[in-house]
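Visitor: Sequence:
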Amino acid sequence: MGTYANLIFHIVFGTKNRVPMITPKLETELYPYIGGITREEDGIMLSINGTEDHVHIVAKLKPRHSIPEILKRIKGNSSKWINDNKKIGGRFSWQIGYGIFSVSESQLPSVLGYVANQKKHHQKKTFEEEFIQLLEKHGIEYDPKYLWE
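The sequence shown begins at 3 in this note's numbering and counts up one residue at a time.
Certain hints may be false.
Stated by the list, open to error - Pairwise CB distance ranges, derived in the manner of DEER restraints:
(1) ASN79 to LYS27: 36 to 42 Å
(2) ILE142 to ASP86: 30 to 36 Å
(3) SER108 to LYS18: 33 to 39 Å
(4) GLN135 to GLY4: 37 to 43 Å
(5) LYS74 to GLU130: 20 to 26 Å
(6) LYS27 to GLY78: 27 to 33 Å
(7) LYS127 to PRO34: 24 to 30 Å
(8) LYS147 to ASN8: 19 to 25 Å
(9) SER68 to LEU137: 36 to 42 Å
(10) SER108 to GLU138: 18 to 24 Å
(11) ASP86 to PRO111: 35 to 41 Å
(12) PRO65 to GLU29: 17 to 23 Å
(13) THR128 to TYR6: 37 to 43 Å
(14) GLU130 to LYS82: 41 to 47 Å
Simulated from the structure, these hints should not be mistaken for lab results. Everything numeric in this text was worked out from a predicted model, so none of it was measured. By construction, the Cβ of each residue, glycine as well, lies at the ideal position given by its N, Cα and C atoms.
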């Protein structure tokens with residue numbers, strides 16, 4: 003018998019210190035670039051969106067993937083690409099950590115809709131407020147003192 007899996011993840015991470023660096027122009031190149039990294043890792047990008055200080059990714063990953071390794075590649079390769087190609091004025095980097103949440107197939111349409119509406123959603127809520135709500139919704143304990151390192 004083979005190995006069968008449907009591993010869907012909602013991944014969220016921000017720019018270092020939540021500095022607003024992701025312009026609409028950068029988005030048009032960055033999001034496909036991150037999709038390419040995901041494909042190179044044999045994953046499937048289902049959706050990506052965000053605002054000037056963070057991104058949300060919905061992706062299917064294989065059971066052989068190491069979550070920390072794939073996130074290290076996505077964040078490291080994309081920030082290197084931005085800096086090497088001088089896509090922004092100044093130095094770009096992502097925050098150290100990230101949030102990753104499992105998504106059931108039955109909830110996928112809802113999560114995809116949530117990610118698609120990021121810009122509208124953030125007219126009323128900050129990234130910090132949103133991230134804390136995601137942690138609480140998923141029952142993840144956190145220490146506010148270390149949340150934004």
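Visitor: List, from low to high, the hint numbers that the structure doesn't satisfy.
Guide: Hints 1, 6, 8, 9, 12, 14 not satisfied by this model.
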